[in-house]
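A.B. asks: Letter by letter, the chains look like this.
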Amino acid sequence: MSNTETKEAAYKPTSPNSKLDFASVWEYAPAPQDSKFAEVKDQYDLFIGGKFVKPSKGRYFKSTNPATEEVITEFAEATQKDVDKAVKSARKAFEGEWSRISAKERGKYLFRIARMLQERAREFAVLESMDGGKPIRESRDVDIPLVAAYFFYYAGWADKLEYAFPGKKPEPYGVCGQIIPWNFPLLMLAWKIAPALAAGNTVVLKPAETTSLTALKFAELVKDCGLPDGVINIVTGAGQTGSEIVNHKDIDKVAFTGSTNVGKIIQKSLAGTDKKYTLELGGKGAMLIFEDAPIDQAVEGIINAIYFNQGHVCCAGSRLLVQEGVADKVIQKLKDRLETLIVGDPLDKNTDVGAINSKEQFETVNKYLEIGVNEGAEVYQANCDVPENGYFIRPTLFTNVSQSNRVVQEEIFGPVLTVQTFRTADEGIEKANNTPYGLANGVWTDKGSKIFKVGSQMRSGVIWANTYNKFDPTSPFGGYKESGVGREGGMHGLAAYIKN
Amino acid sequence: MAEERIDVKKTYKMYIGGDFPRSESGRTYKALDSDGNLLANACQGSRKDFRDAVKIARGAFGGWSSRSAYNRGQILYRIAEMLEDRRDQFMKELGPIGFKTAEAEADINAAIDRCIYYAGWTDKYQQVFGSINPVASSHFNFSMLEPTGVVAAFAPEKSPLLGLVSVIAPIIAGGNTCVVLASEKYPLPAISFAEVLNSSDVPGGVVNILTGFREELAEHFSTHMDVNAMCYTDNLPQEMKKLIDENASLNVKRIVKHPVEDWYDEEVQSPYFVTDFQETKTTWHPVGF
Numbered sequence: 001m002s003n004t005e006t007k008e009a010a011y012k013p014t015s016p017n018s019k020l021d022f023a024s025v026w027e028y029a030p031a032p033q034d035s036k037f038a039e040v041k042d043q044y045d046l047f048i049g050g051k052f053v054k055p056s057k058g059r060y061f062k063s064t065n066p067a068t069e070e071v072i073t074e075f076a077e078a079t080q081k082d083v084d085k086a087v088k089s090a091r092k093a094f095e096g097e098w099s100r101i102s103a104k105e106r107g108k109y110l111f112r113i114a115r116m117l118q119e120r121a122r123e124f125a126v127l128e129s130m131d132g133g134k135p136i137r138e139s140r141d142v143d144i145p146l147v148a149a150y151f152f153y154y155a156g157w158a159d160k161l162e163y164a165f166p167g168k169k170p171e172p173y174g175v176c177g178q179i180i181p182w183n184f185p186l187l188m189l190a191w192k193i194a195p196a197l198a199a200g201n202t203v204v205l206k207p208a209e210t211t212s213l214t215a216l217k218f219a220e221l222v223k224d225c226g227l228p229d230g231v232i233n234i235v236t237g238a239g240q241t242g243s244e245i246v247n248h249k250d251i252d253k254v255a256f257t258g259s260t261n262v263g264k265i266i267q268k269s270l271a272g273t274d275k276k277y278t279l280e281l282g283g284k285g286a287m288l289i290f291e292d293a294p295i296d297q298a299v300e301g302i303i304n305a306i307y308f309n310q311g312h313v314c315c316a317g318s319r320l321l322v323q324e325g326v327a328d329k330v331i332q333k334l335k336d337r338l339e340t341l342i343v344g345d346p347l348d349k350n351t352d353v354g355a356i357n358s359k360e361q362f363e364t365v366n367k368y369l370e371i372g373v374n375e376g377a378e379v380y381q382a383n384c385d386v387p388e389n390g391y392f393i394r395p396t397l398f399t400n401v402s403q404s405n406r407v408v409q410e411e412i413f414g415p416v417l418t419v420q421t422f423r424t425a426d427e428g429i430e431k432a433n434n435t436p437y438g439l440a441n442g443v444w445t446d447k448g449s450k451i452f453k454v455g456s457q458m459r460s461g462v463i464w465a466n467t468y469n470k471f472d473p474t475s476p477f478g479g480y481k482e483s484g485v486g487r488e489g490g491m492h493g494l495a496a497y498i499k500n
Numbered sequence: 001m002a003e004e005r006i007d008v009k010k011t012y013k014m015y016i017g018g019d020f021p022r023s024e025s026g027r028t029y030k031a032l033d034s035d036g037n038l039l040a041n042a043c044q045g046s047r048k049d050f051r052d053a054v055k056i057a058r059g060a061f062g063g064w065s066s067r068s069a070y071n072r073g074q075i076l077y078r079i080a081e082m083l084e085d086r087r088d089q090f091m092k093e094l095g096p097i098g099f100k101t102a103e104a105e106a107d108i109n110a111a112i113d114r115c116i117y118y119a120g121w122t123d124k125y126q127q128v129f130g131s132i133n134p135v136a137s138s139h140f141n142f143s144m145l146e147p148t149g150v151v152a153a154f155a156p157e158k159s160p161l162l163g164l165v166s167v168i169a170p171i172i173a174g175g176n177t178c179v180v181l182a183s184e185k186y187p188l189p190a191i192s193f194a195e196v197l198n199s200s201d202v203p204g205g206v207v208n209i210l211t212g213f214r215e216e217l218a219e220h221f222s223t224h225m226d227v228n229a230m231c232y233t234d235n236l237p238q239e240m241k242k243l244i245d246e247n248a249s250l251n252v253k254r255i256v257k258h259p260v261e262d263w264y265d266e267e268v269q270s271p272y273f274v275t276d277f278q279e280t281k282t283t284w285h286p287v288g289f
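Respectively, the protein sequence lines represent chains G and U. Sequential numbering of the first sequence, starting at 1, is according to my numbering. Sequential numbering of the second sequence, starting at 1, is according to my numbering.
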């Protein structure tokens, strides 16, 4: 160790024995992704019944690029009348053309959407990064490829549903109201629309108010695909618009992804009705790092678990639980690795951590940073430069936290990791399970039997073992406890759109 | 001349944690036969009784959910054996509350068979409803079902034995533990069924049976923060349904409603009643040398 510290000449930036230090060895030149080819209109209307229509009250709201704070475009605000119109057109499509065409043909429409998304992938990736602040590397390599993959996967289910539900005759609900969050705008749209349509439903979908752009671009694509009018309706707006969808009498099923708080409000407002619902809510994922874990891999996994998409991930690994014997080592390596992260322009291909999605979320995360410090936590932040404009937060670690601290118990939804230690596996598992959430957890160890034991005792819908934050259309996703009801993805995700 | 023998009547208490305690509240209500005569005093369970039962059910969850599927199957089968053995006791209990002999026999037969039906599912539903998922990246990925946790249930009002068994069996077959409120009007067969459970190798605390009033307990069943799911099969009054749904949102409880009219119908036994109380857990692991 002392060698690497004293002999500068022998310094290897990637050697496992030395501190990671890329910045002083070479500089990254800017590598901007061209964004001019991605056309953005000044204003977007609602997509109802296969047409773009003006909102009934004529109100629009602005959407800003969180990396520059510049206005990109404006979206229509859908009010009660507009939502009603959208539901009616979805109902008409459900009772008409969409139910008349065969399952096989239905599937072909979804295949067509998947292919067209692939063709226009780069355009969607650029728009996603502009509108939401996520690094282009992620929207290009993760979000948009997965969007196409989800449509392609569910397309194939359309005419094979009876194989997914042995002993049942699978039937669609009818009209589904779907409300999605701002962290993976187009991907969440795909998670909702693809299985709903494959099962034969029609949908009214509301994207998040800060990230509606790709949903409306998707609406244009739907038109190009020649999908029957009214099968997909997209209405933009904030919470009030969402509540109009949830409470509309002619909605058969509500699918929501978002915070646990809003999920509870939705569950409550559906009380006493026969509407079905699935909820994908918050999380506070723990990662258990055992002494026998491959430490360098684990450190990479932790970085991906919490700083991927600025930590705006419901299943983010936001709590690190490290076994005492390796705690110092892991924390040191983590701090070193933090220093190498590039925070900045989402449209730069080298950027690791982009902009916080909105001013509101920026303030929320900052509030939690304050809470953490006030609770007595030690804070460590990467010493990187961040752009002057835009909403950026340095990747952050909290050590010296206890289980009851708010930063340990509550979902921050930002690039903030808390670090605790444990001695025995039982203690680690107990700490992992000790929040109201149960969406995802991770375990790092080289011992196979330990993976299965720990994995079976952690109460969450996803277990990432020696990996983290992986997604695939064939893989069911969803929470235990207050992290939600139901699953999305895979064969199990179809159940959310089939009458039981 | 021999003195006329005075028969010994059974005291019906509740079933919590493998014991038969009275309600901590000291309250009882009258369980009547179909002519309005007193059969017994049933306990009127309280909020505290429910909370005690949930705590015990939570304590039993770890052990029960980690029993092997084979073992759970054998225990459910054992319940059927014990039930068969005590047919006479249930004949005596169902008669006075309006079951004709043939009806009571059919009810007991169906209850026994239902236990066996679910005994057979314990080590199969995982194979039918779990999956291996062919993800595009270099990972091994599989989904398996795990029990939701502690389930609170209202047993059917009009089917005090078969309905009760039909509700409990799929819940525990899947490794959950439960707190069940017996039929309000006909609570006695439920307590006798508890005696069956108690002699069937079902660990204490896996099934807890309270007697009492829905009107009083609906709120407590649905607000408890350590209950993961709530289930009912009767068509409850709209107000109570709404109350239960609303309270469920406090901790995102799963609400399982199965309107059932006829408990003899084969359609009311289904592996989907098991999966209603299951969570899908998906595990990823990298593949490589």
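It is worth saying that the hints were derived from the structure and are not from the lab. Being a predicted model, the structure only gives us computed values, none of them experimental. Glycine included, C-beta positions come from ideal geometry on N, C-alpha and C. Wrong hints could be hidden among the right ones.
[Stated by the list, open to error] With the Cβ distance kept under 10 Å, some of the chain G side facing chain U (calculated, not the full set):
hint : residue
1    : Thr260
2    : Gln403
3    : Gly461
4    : Ile463
5    : Phe477
6    : Gly490
A.B. asks: Confirm or reject each hint.
C.D. replies: Going down the list of hints, with the structure as the test:
no.	hint	result
1	Thr260	7 Å, holds
2	Gln403	17 Å, violated
3	Gly461	6 Å, holds
4	Ile463	4 Å, holds
5	Phe477	7 Å, holds
6	Gly490	5 Å, holds
In summary, the one numbered hint that this structure violates is 2.
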